[in-house]
Amino acid sequence: MDDIQTRLQKSSRATRQDYFGKAICYSCIGLIILLVACILYFIASKGLATFTQNGVKFWNFLTQSDWKPGDVDKYGNPQVGALPMIVTSFSVTILAALLATPFAIGAAVFMTEIANKKGAKFLQPVIELLVGIPSVVYGFIGLSLIVPFIRGIFGGTGFGILSGTLVLFVMVLPTITSLSVDSLKSVPMHYCQASLALGATRWQTIYKVILKAAAPGLLTAVIFGMARAFGEALAVQMVIGNAVLMPKNLISPASTLTSKLTTEIGNTVMGTLPNNALWSLALVLLFMSLLFNLVVRFIGRRGNIKNER
Amino acid sequence: MKKKTIISSLLALGALMTIATGCSNSNASKSSSSEVSGKITAVGSTALQPLVEKAAGDFQKDNSKINITVQGGGSGTGLSQVQDGSVKIGNSDIFAEQKDGIDAKKLVDHKVAVVGMAPVVNKDAGVKNVTMDQLKQIFTGKITNWKDLGGKDEKITVVNRAEGSGTRATFESAVLNGEKAVKSQEQDSNGTVQKIVSTTPGAISYLAFSYINDKVEALSIDDVKPTDDNVSDNKWKIWSYEHMYTKGNPKDATEKFIKYMKSDDVQKKLVKDMGYISTNDMKVQKDAKGTVTDK
Amino acid sequence: MNAKKSDKLATGIIYGLVGIVVTILISLLGYILYNGVPDINWHFLTSEAQSFSAGGGVRDQLFNSLYLLILALIISFPIALGAGIYLSEYAKDNWITDIIRTSIEVLSSLPSVVVGLFGYLLLVIQLNLGFSILAGAIALTFFNLPLLTRNIEESLSSVPDLQREAGTSLGLSGWKTITKIILPMALPGILTGLILCSGRIFGEAAALIYTAGQSAPSVDYGNWNPFTETSFLNPMRPAETLAVHIWKVNTESVTPDAGVISSASSAVLIIVILIFNLGARYLGNKLFKKMTAAK
Amino acid sequence: MKTYDFNQQYISKIDKEIAISTDNVQVHYGKSHAIFDASLDFPRFQITSLIGASGSGKSTYLRCLNRMNDKIAQVDGKILYRNTDINSKKINVYEVRRHIGMVFQRPNPFAKSIKDNILFALRNNGINDKNELQKRLETSLKDAALWDEVKDDLDKSALALSGGQQQRLCIARSIAMHPDILLLDEPASALDPISTSKIEETLELLSKSYTIIIVTHNMQQASRISDYTAFFHMGHIIEYNETKNIFTAPEIKATEDYISGDFG
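Chains as they are written, first to last, in my numbering: chain A, 10 to 318; chain B, 677 to 971; chain C, 582 to 876; chain D, 4 to 267.
Hints listed in this document are in silico derivations from the structure and should not be mistaken for laboratory results.
Computed from a predicted model, the values in this text were never measured in an experiment.
Heads up, none of these hints are tricks.
Calculated Cβ distances over 10 Å to all of chain A for the following chain C residues:
1. GLN631
2. TYR648
3. ASN675
4. TRP676
5. GLU746
6. THR809
7. PHE869
8. LYS870
Per the computed footprint, the stretches of chain A lying under chain B, defined by three or more beta-carbons under 8 Å from a beta-carbon of chain B, are:
9. 154-165
10. 245-256
11. 268-274
12. 281-290
Below, simulated BS3-like cross-link-like pairs (lysine-lysine); rule was C-alpha separation at most 30 Å, straight line:
13. LYS126(A) <-> LYS585(C)
14. LYS93(D) <-> LYS19(A)
15. LYS585(C) <-> LYS221(A)
All residues carry an ideal CB built from backbone N, CA and C; glycine is no exception.
I would like the entire structure built from these sequences, with the hints used as guidance.
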């Protein structure tokens, strides 16, 4: 009796295990936070140097469209205007996501709700396989198939936002699809059964019950896809033309943040304006994906609240 | 639990390995025997990288105590790292004097090869020869159609090289005379440029000799053909050196390796294999400002 | 439009979309395999890459890719596991958790170029790791972490709470319950996530160009001591992976058979991912069966 | 819906040895108050039923008794077990749960073999003696009336068993720990009548050596197997008495209405 009483009050192996486990998990999380903080700090400190050390005005950086970090304009100001690249980056990302989303969700619905097991079993690995194709390969396929195709139809050189969009469309398709499949699968089976039992057609069930319940997950899938598109460098670089020009239409050569970054970083000297200006681009890239994230989280949260009500 | 232990012990092993290699590195550079030994890291120009890599491989066969690591990263990277002293050799396509932020006085230049570059056009254009002035007008955006040069009625698509790249610096200093290039597509690498020019009608760009093949049309300038011979006596004006920079005069292993790079073994064989021109074959020399003098 | 008609129409549209997707996917895979497979042979897989002569292989690149993948997983998996457990089991619904989740999402949306450059700045230059496998593996960890963490969290959360209650009601510590009861049940899901991540790592190039480097120095496959310079296990050597090799061959290489090497390498890459994929799937199924079915 | 006066309460005194008791237990889920001033004494080696409508708080209350609500609710008040307030922060909850076991509404065997289901927690509690483990495996399965059905398939996955077998396995798993008290949260609600009656038989056997507290929806079940019954309504304990008294002569109107089916 007394023995049990004292054991109730004393810590045991189980308590120590729990402390141990918690310590491990907390340090892992801590490490991740540290990494993120590190990245933010390093890139911010490098990227802000353009403005603090080289005296470039932040506003000019965002709104001007002349990018020649090595040269000065007639007033003696460095020419670092990133607007064309920002606009292009956004255009290709959003267009690619717009294009890919219906296909991806269609495929995901097919795999989870319509296809028999064999169909889904076949599609799944194929899609997972595509995630692993290196972007270089996409780039070269884009260069040898898509660019001539666009040139043949729309004229011009074939390089431009449209080609970039098409390449990115194929690249983000597997990402969005496989994540959409996950989120559709997580909708409880009984939702679907209940709806069917009430006499709803399959499409009504999919549209009104399943897609609605999975909406936040689908949104996340699209964001992940967009994130990949936004940050994609090597493939886009090959088909977009890399000209720092304000995009006038979808088939004129343009340049994204990432393509500029990869083409030039190796040629610049650490600590000089051309180098810092590139880090500023990286900072913009970082900042925009951050913003992206927050906006979508916000939307996702509102969606959740609505669903609960 | 077993899995966890394996993972953690592997992690620990990894950490140990890191530390140990760190130690062994410093040991290696300290120990000095009669035979020259040491560790050389060469970083920089991706264009020069394969040549140095191959030469380093051959070199190490006879000098097993010297360990050479060759890495890419670009000319800017090479120059800034050798200036920092974090590597022994900085490979560059460009004179250190031409780079902002590099104090060329501290660095010693070792020219290991000469690379010639030629304007290339898509075969469609129907032009095989231009004058230097026409070439300049194309790249500054004053001539925009091939028919002005006696070719097809086709718009000229200028594909420039990445700003700050050695190739572009060489081309602009030889052709543009200080004028600014038209804003246009830019590509970083020879391979991509070659592919784009060969597939895009009306495209013009420029390539190192070694990348010119029968898929693109290399232009003659003022009826001078882009050949190694024409480069060696400066009849062909668009060429540059491949540099290996050291901080101060090279010592020990580094000295030996750079000597090897300049030796006939490398210059007569590897340099040619790579499509470069040997510095020994040059009858003229160029300084950082682009002034050419007889050797 | 009545419900039946719209049902048919919608189903038709979905079939149409899927048809297009499948066509794209299949023709893409077919294109790569058709172009590459005929050139894959034993010689290609087991010989060294050549810088400027034809007939090079991808032995080192293939090994580097695998080694890098394994190192990256060794580093990132335990961290992701801890973080995933934290998020699914310990995290309370408050602002701290919000911040944590946001940071993980930020990490996941980081463009690979940015990760590469960050790795270059911090690992290669500041920490003086040089272009090395270790630097590459750490850079890959940045990609892996958010994906793996999310996947592990989801797999853990999908294990019914009843299992947790079963564990705790027996007086087991929370940690034991998680590691011994919940984790094994989540294993098939975690495994699938690992495959997806591995596939991504395998194809990653942008982040590695600046961290693991673009050169594949010849290594000694008989030297099992990871602390020596020439050992194939040495994590401090620069290592060009298959994906980076494809990039390099396509952009800068002067090898005459660059096209062949590139398409064959792409095919090899896909086949390796395929093997991986099927293997892990088989393993996952087997695990799942072992847990649920009679022996 | 009829309204009942929660102040009207009848708690009978227990003159037997008490295994566990609660003193003014309050439970809050966030802002909502789920259990009000619950004070009960549970007699040793008896079966006590907790009955009441859905949402009356009986399951919540049961889960307080071995601290299963720790992460989800705020529990105040005292829970006395062996003269110790086990609701105190200083108490080692893992020890509490070792002595007060629990079986849940839906069977939740681990995804392990039948044998490992029973032995897993034992091994983790430091019991490594092979003979002892074998003995406990056998007796617990026998006590849960499962031994005859599974003795040849001990290495089979527990998930391959039927629902009723799984639930009895869960009971066996709990009693293998040799607890003092066994809490059961509607253990038969997900099962068919045959499995249910098997479980009831098992419980009656077990009550010889364990104190059993069971939440049930099924009033026949409560009257069949339990010695004492407590009636919960909207977070309040309305009446607590010997089962036969509750079912034949309830003291409070609400109890009577509930039992006669004329409720709410």
